[in-house]
Amino acid sequence: MASGNLRRREAVSRAISGLATASSLVAVAALVIVTVAVVRHGAGALSLSFLVKDPPQFGGPGGGIASAIVGTSLIVAMAAIIATPVGVLCALYLVEFSAPGSRPARAMRLALDLMQGLPTVVVGLFIFGLVVKPAQAESGFAGSLALAIIMLPLIARSSQEVLLTVPRGLRDGTDALGVDRWRAIMTVILPTALGGILTGTILAVARAAGETAPLLLIDGAFTPGTTVQLFGHAVPNIPVLIFTAVESADPSAFARAWGAALVLLALILIANVGARVLLARSRARMGL
Amino acid sequence: MSVRASLNPRAAARGRVAMEGSLGDRILRGLCIAAGLLAGGTLLAVAYQVISGARLSISTFGLPFLVHSAWAPNLGHFGAAVMLYGTAVSSAIALLISTPVAIAIAIYLSMLAPRAVRIVVGPLVEMLAAIPSVILGLWGIIVLAPFMQRHVEPALHGVLGFIPIFGPAQTTGLGVFTAGVILTVMVVPIIASLSRDLFLSVPRELTDAAESVGATRWEVIRGVVLPTTVSGVSAAIMLGLGRALGEAIAVASVIGAGNVVHVSTFETGNSLAARIALDFAYIVSNLHTASLFYLALILLVFGLLTNLIARQIASRYDVHRTFA
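Top line first, the protein sequences correspond to chains D and L.
Plus 280 on top of the position in the first sequence (first one is 1) and you've got my numbering.
Plus 769 on top of the position in the second sequence (first one is 1) and you've got my numbering.
Check the hints yourself; a few may be wrong.
[To be verified] Here are the in silico distance ranges between beta carbons for each label pair:
# : chain 1 : residue 1 : chain 2 : residue 2 : range
1 : D       : Val-306   : L       : Asp-977   : 28 to 38 Å
2 : D       : Ser-327   : L       : Thr-940   : 57 to 67 Å
3 : D       : Ser-528   : L       : Pro-869   : 49 to 59 Å
[Unchecked claim] Below, a sample of chain D positions facing chain L; criterion: calculated Cβ distance under 10 Å:
# : residue
4 : Leu-354
5 : Leu-390
6 : Glu-491
[To be verified] Computed footprint of chain L on chain D; a stretch qualifies when at least three of its residues, placed anywhere within it, have a C-beta under 8 Å from a C-beta of chain L:
#  : stretch
7  : 296-308
8  : 316-330
9  : 337-348
10 : 496-510
Keep in mind the hints are simulated off the structure, nothing from the lab.
Small disclaimer: the values here were computed from a predicted structure and weren't measured.
Every residue, glycine too, gets a C-beta built ideally from N, C-alpha and C.
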């Protein structure tokens, strides 16, 4: 009974399906357009010396971004060292040491949610007031603290989700054997969830590596030379290097910024793909 | 967990989970609680620092700070009106564009796409959220703003120019509207991936029942899928709003750092977060610093509010674990 009405309803349905498909294409296109623009503008700057040389001391053409690569790696690594144990412990509390609806568990989830909702520039001001102002000095470590605050809720959330997927049988098995809770966690539950926790940490690192706002406030006024000392002075880093170049009028700084953007984006996208592969493999191992 | 509790008669008797245990258990439990307290304490410390940093500005200007539009650090004039307006308008533009687009994407990924397409396109949409804001800002200045100025803004002005917010295009393309478009790119993946998970959680029986009485695909979506997930999707939109309100760097790059409230969104403006990021390198006085902290306090209140509202909406209907 294909009346005109039904044909109209089918047409509406098809039109909506078409719009939904088109929207997805637009989103993927946006990713491609930005990536292609970064590659097109940045590829020219890229060379071995770009990766191993510092920017010229007083501006101008030439040089590379070695100091910023080293700085960002150190700052983010320190942030991960601070945030990962705290985040995993928070997740352990939620999954292993509290009833899901209990008041402390609800309070902790609220705290983590609100932390994730903090504007990153506010986190930067917080560390400025807490660390930079009293010490009268910007520092890479201050940057690490800010990034750790940004990473913590991400790691806690992803670890919690992984811990929840650890098969019940493993817990029941250790209980039946009379194994202490902490021993079961350290030897069975955490190792099982390790792949997923690692995935969450990698994604958090990728997120933190591109964070600019907090670093601009507390680790922004650096000299171009390479340093491995995170304390006492500002440490060069990729995001602030890009942002200050954007605000400057120096064309060679712009070229360097595009090159740095390409390096940063490549690292972040590779980390994202890698984390997803890792997650798929660890889920397969857990039989999910 | 309840099963575990009942295995331990003493804990079960008290209605708690494993309060007792070996020394190792108590140490690990203590560490977990310490980590939680650290997270909660950090949150309180953030609020305290921001309020105490803003104190000088609050005592000088009080609440009228919110409606004064002058921002002249050298003259000691500070007011948040331009930034409040820019933040509100750029976020509103971002939400108006991204909400329908993101829901459409979620519909495609959860109900229309073949499996092979879904496992490729889903992660690609999420990866859009992984692009650092500083790179979006760089792209925004060099690529997007000139494109907006040459093509999009004249076209909108031509068709909708009778509405004052679509004024004539300006010289650079940097402005509130372009900031809204950049924010759209950042917000879409958030709303889309959360909504997709919600749509996938709709019980199969409901959609099957609708289909079996002859509903078309769109009628199933409009009649079953959207109504059962509306609270979760609203929460996702609130989270997207929180992201848009708080974004500093991408907005700072393309909003044009204007000092005046313009009705036309193609003119320059400023946002709360962008002003903090842009001004911080050029602090001229203690009052200047305190006023930036005052802006951060407003931002903090907005950020916490959007999050709490999102939780409230989601938990009232308790749709999905993602928001729990």
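Results for each hint:
1. D:Val-306 with L:Asp-977: 28 to 38 Å: 31 Å, holds
2. D:Ser-327 with L:Thr-940: 57 to 67 Å: 36 Å, violated
3. D:Ser-528 with L:Pro-869: 49 to 59 Å: Violated, since Ser-528 of chain D and Pro-869 of chain L (Cβ atoms, about 38 Å apart) do not stay within the stated range.
4. Leu-354: 18 Å, violated
5. Leu-390: 7 Å, holds
6. Glu-491: Glu-491 of chain D check passes; min Cβ-Cβ to chain L is 7 Å, inside 10 Å.
7. 296-308: holds (count 11)
8. 316-330: Coverage by chain L holds for the stretch 316-330 of chain D (3 residues, Cβ < 8 Å).
9. 337-348: violated (count 0)
10. 496-510: Holds, because 4 residues of the stretch 496-510 of chain D bring their Cβ atoms closer than 8 Å to Cβ atoms of chain L.
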